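Novice: Given next are the chains, with one letter for each unit.
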Amino acid sequence: MKKVVDVCTRVEGHGNIKILLQKDEITSVNFDLEIFRAFENLLLDKRLIDVPRIASRICGLCHASQTITSCKAIESMYEVEPSNQSVLLRRLLMIGELIKSHSMHFFFQAFPDLFVILDKQPKPLSLNELIHFDPKLTSNMYELIKIGNEIVNLFGGRSVHLITPIIGGVFFSLSKKEINIARKYLQNSINNLKWIIERFQEIFSQFDPPDVYSLPNPAYMGMHNDEKYDRYNGLLRLAQNNKIIADFPVYKHSQYFDKQEDIRGIDFYLKNDQNILVGPLARYKIINDYGIDELQSYIGLFNKEWQNSILFSNVIRLIEMMFVSYEGLSILDDTELTQKNEINPINFLRNNEGLGMVEAPRGTLIHYYHVNKKRLIDKVKLFIATEINLPIIDEILTTQSQKLYERTGDFNQIKKQAQMIIRSFDPCISCATH
Amino acid sequence: MDIYSILSHPFRRKILLLLDKEGYISYTELMDRLGLETTGQLNFHLKKLGTLINKDKKSYFLTEDGKRVINLMNIDKKILAGEDIEYLDKVGSEINRVGVIICKCNTEISNLISINALENYIKRIPNVVAVKIFDNLCQEKNLEKITKWSKDNYLNKIVIAACSPKTHLHIFERIFDGVIDKVNIEIANIREQCCWVHLKEPTLALKKAQILIEAAVERVALQKDVQVKTVKIEKSCAILGGGIAGMTLALNLSRAGIKVYLIEKTPTLGGKIARWSKIYGMGDCSICLMSEMIGEVVKEKNIEILTNTEIEKVSGEVGNFSIDLVKKPRYVDEKKCTGCKRCIEICSIEKSNQYEFGLTARKLIYIPYVQSYPYAPVIDQEDIETCRQCRICERACNNNAIDLDQKFEKIRIRVGTKVIAIGADFYSELKPYNHNPQNDVIISPEFERILSADGPTEGKILKLSDGKPPKSISIIQGLGPFDYLAEYCGTLAIKYLESIYSQLPDCKINIFFDLNKIKKSTGFMLDPSDERFHYYENIEIIEKGNKKIIISDSEQYPSDMIVLNVNFVPNKDLKELRKTLDFTLDDHGFMSEETLASGIFGVGSIKGPLDYNSVISSSNDVAIKIISLLSNDYLITEFSGIEIKEENCGLCGLCILSCPYNAITIEADKIAIDKFKCKGCGTCVSVCPTNALDLNIDTTEKILKSIEVFSKFNLRPKIIAFCCRSCGYGAADEAGLKKLSYNPNIFIIKVPCTGRVDTSLIFKSFELGFDGVMIIGCRKDSCRYINSVDQVRQKVKLLKEVLGPIAENRIIRKSLSAVEGNKFAEIVNSFYERLSEEIKNET
Amino acid sequence: MKPNFLIESLTSCSGCISTMISLDIFPQFLDKVNLVRCSFMRDENNISENDIALIEGCVSEEKQIDILKNIRSKSKRVIALGTCAAFGGMLALSTVKEAEPISNYIEVDGIIPGCPPPSKLLGNCIIRLLENKEIILPEKNVCADCEFRTDNIESKFMKRINKLMPREYNLDIENKDKRCFLERGILCLGPITRDGCESKCIKLNLPCDGCMGPIKNDFTSNAINFLSTVNLAKGLRKYKGIFYRYSKPKTKR
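Chains as they are written, first to last, in our numbering: chain A, 1 to 434; chain B, 1 to 843; chain C, 1 to 253.
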């Protein structure tokens, strides 16, 4: 058996494309993550109070989600509920994080690819070309990155690996001044996004996305709260072809999927053995309606081919950013936010295990902890979005590479195509190599 | 080219002179010195100088020809050099020129290892410019040879490979006095810690000696300049406490021409002995003796007596302290008072007299006792409010000597040294013994008053309850918190026996001693056959009606009068004084002699329970020390201790916490070190988390370099041993002196105190391939730096807890005294065995 | 001529690079330099000659050692970006993975510590790098600009330290407890941590976590030196979560 390995670039972190050949035939193409950091091991024997800030280090892009999930898991062990203000602050932090993460991916990774995929350019724009391609787009995108960053910084204490989210709430008391600043940021974000979406549509919508990127009818998984978009609170839903497979609270996840300790990869127990997709696109497919007409009309601008392609997640990413900006504005208007914040003290450990779940920018994120009698962690399971997406990425990679190999037999093209497929899924390698 | 044309240019003359003066100068330095801007010019002149100069890797120097030119011509350098020659004033060079001296030690070293091989190795070490071999370096006849050799080679640093620095360092320092600075002499201990302990393994001993010398060369090369401080000595002394010890010392010093400030807290000189009946063996009544002594003290012009005075603040350094004093108001002007006592007669309020231990009463305005000095009435601070409401005495005084509105007076004195002589207190927890003078259960000071002619009974032994002489007296000796008897207990017993016998020959006397305490006391002799002496394990005093009975180990002794002989306990003021003066306490709470900072002394019973004679002799000892200290005009100290880099200090205060001497302070957001309190143990360096602190001689850099060089030794398991310079290093030397053999795979690093060893040094050793780390320090109670040894114990303990078994087996920390060489060898050997075993198991 | 920059991620969370991208000066930075390698933003993947290499992440795999050595041989200056590259980072808490600072394998010309590096510090460092100057780091510890600092040593260090976080969750900025954390019995790693973060955690009334790393020695030995002198509760004495946070000493034979 022959093995071809190529390094995957322009992703966040280190990944390889591994092509397995047998008798001149591609048997499989894998997206291979060479490093494994073993955070499950790292969290062992730690005190619960230390866990959120260690968990934050799983990822420098979705650190807020990691911290908050971790806090939620531990809160479920202590059976404490964070105050309303704390919940609102957590939502704001997640909004900031999502804007930063999405805009960074869109600008540096997805956008240059789209030119090639949609035949506008022979090869991806280099960094300089990208910056000078459309100065206004660049500055707008850049401002979005800043806005995400600043919102997190404002409520989180710093912009990466937050200080304020702790077990029991958010250790922060905010004033009118901060609310006004945040409001300004979010309004700017909406204005920028409007311009960007229109520009995007102007450049790309008349092209049809190629078949290579169409999704092989996966089951989508995501969170919803009473059929509405919600990334902090709610039930987990599995759906395929607009049909609900299951709706369940997170503590029942083991009926549908689970994870062996110390082994990477998540096992799904679904009847048809479908591949699962999580992330912004899945979140949209779960609810099918953001509840804001303006956003729905933007979606309407793209035809069916777009909507069945993974490339559509780029559109959804922009729209989701806009949605959360609106959501953020309504949170800032909430009078509860300015009331005196209180942290519920954690005193009695009521359960020796706990689960926490949020929707991270790249999809469903679940932490599971179990403590021993000394109250030190002895069992950890981390369900991380990119890990859930890996099987579907590998499936598309394999089938599309086989097709291309039959047609051309050119490994360079296969590698190039594989890279773009991988990037279109926005895999977070830091997370996946947790 | 002829010499004249070479010397015609001033630059070339300057070059020659500079090279003559300093030996070796680098190219860039030459440019600097000559003030040249372009290299071309210098190149031209250097070329012109031709064979007169030569060049090695780094620098230019004079050839033999060049030296000859300078010598032969013997010309006036000033004229030759042209107008300004200020560049000649700068001495010292950045270049390290290290000379190594190997001492064969009368074949002790050369018999075991090949000196040739050693020399060849050393010559290859960078920085080493010359190696010289001596048969016996410590002999004076070598002095001239060495001086010449080091001057000829322009050496500025020296490594001596010979015996332990503990043996002959002072001789070596004397040899190089004026040639090489003390700090630039480093010793490679190849005798006690190499040759003598590895007699069976000459090959390894050679290798080890080579590495030891290389490390010493590297260390000395890292030495930077050390500050020297000169203090003008103030020829005066402050003595705190006007008792027998303080006065004896004051007399001694004043007669040697030293100005003395005798500072007494109470209104009178005299101390406790002034209240005693007599002093055993002196035949005299003690108050007579004291008043004589007071008279002498008063007579001395050099003694300034400050009664009723307390110390407030001390600043400065040894040789030059500035002390702030507060003189409490006496409310009576000593100069105006005639001592007529009218004020005392007229005063109507009474309280118990502390000078009679409460046995009698006195007026609020009072004279402590007849022989007190100054002889003038006084009102206690606590009574003044009451007196101000009455003021009858003020009106009664004919001389207007009384001033009830007198204020506190602040006095500042400057002294070269200070002495604490405040004596001790009496043990006062007497509840179990039913102490009650009115019921004839009295303590020894009260009995002394009864025996005194000026006491409440005018010297007659009478029961205080009914004024009748007792028929039986029991004396319980040595009551106090300690588990030993004070040395004076024996003489005291005899003194009491004699006193009672002379007055009441029929009186039945029983003296009780605690058997357990006697066992623990040394030099304590009593006639065991004397039936008046009883030795008990348990003692109890019970009262039946108005009879008192002592039950000693179930035997009963009825007694009319019971004397509780209470021990001296540490003065309660000591703890407070520690904050202003700089000393530490021993295990019993007395002042500890060993840890006294320089410039401060203690005399008398402040250091423990002493009898009269011991107090006098200790005062005399201290007087000699003080006189010798103050006989100099200047104190020149080569500071060896901590240097602070303020720009790196974040004021976390960890160093302050760890300093055993309270030498570090934070004032106005700045860290400051009292260089005269600092003893250079380096404990603060071990905790400083920034680079703000380092020792100036035993730098961290040097220690790390030593570890690095030692790691070249490539046999396993190898051990690094951090030994404190007083005990651990001494024990290693002792092993050498006894020629005990231990495994050669151990390298000893001398640290001032094991408190200097921090965790990073241990990690560094492991990182560089050492298998084991030994830390050998002093015993807990004899650490030269108070509690530093305890701090390293804490570190190692925590380290072992954190690292678990890895550290448990690979680090040992032991306390040895400097004479326990055999233990040192044992520890090394068993540690070596253990580590070899472990390595075997691993593979 | 634009300077060539190389940005390499080893085992990391990408937080450092994400901090760098969100710097105010980052667009200008991109304009002023020629990025020769940066897997986050560029397709080309060769390690080529460069002026400055910024490396984030720790060394946890053997493979990375070759990459590092390759980078060193082609870079004029190598800078460790973030606490992982400089000291090992959070992964040091792991019992199965190695987390070594890059300086264990190659010579490093400077570090920019922090998890992630504080924006202000990082910005200043990058400006200095662009000007081809040495990086300047604060040489004091966090106590230096801590608003709770007390000079009363007795009260500061005598309290038993048994908490990792404050228990009294008083968020009222006006009435918050303004005593030094150590005085309150809460473990604060400020004394052994480099300044430069503007003591953000402490300003929010949470103790210093030590993310800026040590100034001298390594984190673990500093922590042991520091905590052996104070009264540390028994339960915390063996807790590796304190002593191996952000770096692990090399003790293997």
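Rather than coming from a laboratory, the hints here were simulated on the basis of the structure. All of these numbers come straight from a predicted model, not from anything done at the bench. Worth double-checking, as some hints may not be accurate.
Said to hold, decoys possible - 25 angstroms max Cα-Cα, derived PhoX-like pairs, lysine-lysine:
(1) C:216 to B:575
(2) B:182 to B:265
(3) A:373 to A:23
(4) C:120 to A:46
(5) A:379 to C:240
(6) C:97 to B:670
(7) B:47 to B:58
(8) C:159 to A:46
(9) A:123 to A:416
(10) C:203 to A:176
(11) C:238 to B:797
(12) A:379 to C:238
(13) C:178 to A:373
(14) A:177 to C:178
(15) B:265 to B:148
(16) C:200 to A:373
(17) C:250 to A:374
(18) A:176 to C:234
(19) A:374 to C:234
(20) A:177 to C:240
(21) A:3 to A:416
(22) C:2 to B:800
(23) C:163 to A:46
(24) B:182 to B:141
(25) A:18 to C:200
(26) B:800 to C:234
(27) C:159 to A:3
(28) A:46 to B:47
(29) C:203 to A:340
(30) C:133 to B:224
(31) A:415 to A:123
(32) A:177 to C:176
(33) B:407 to B:265
(34) A:18 to A:373
(35) A:304 to A:373
(36) A:177 to C:69
What the hints assert, rightly or not - Chain A regions said to be covered by chain C (calculated; three or more residues, Cβ under 8 angstroms):
(37) 41–47
(38) 58–72
(39) 125–132
(40) 301–313
Glycine included, C-beta positions come from ideal geometry on N, C-alpha and C.
Novice: Among all the numbered hints in the text so far, which are the ones the structure does not match?
Specialist: Hints 1, 2, 3, 4, 6, 13, 15, 16, 17, 18, 20, 22, 25, 27, 28, 30, 34, 35, 36 and 40 contradicted; others consistent.
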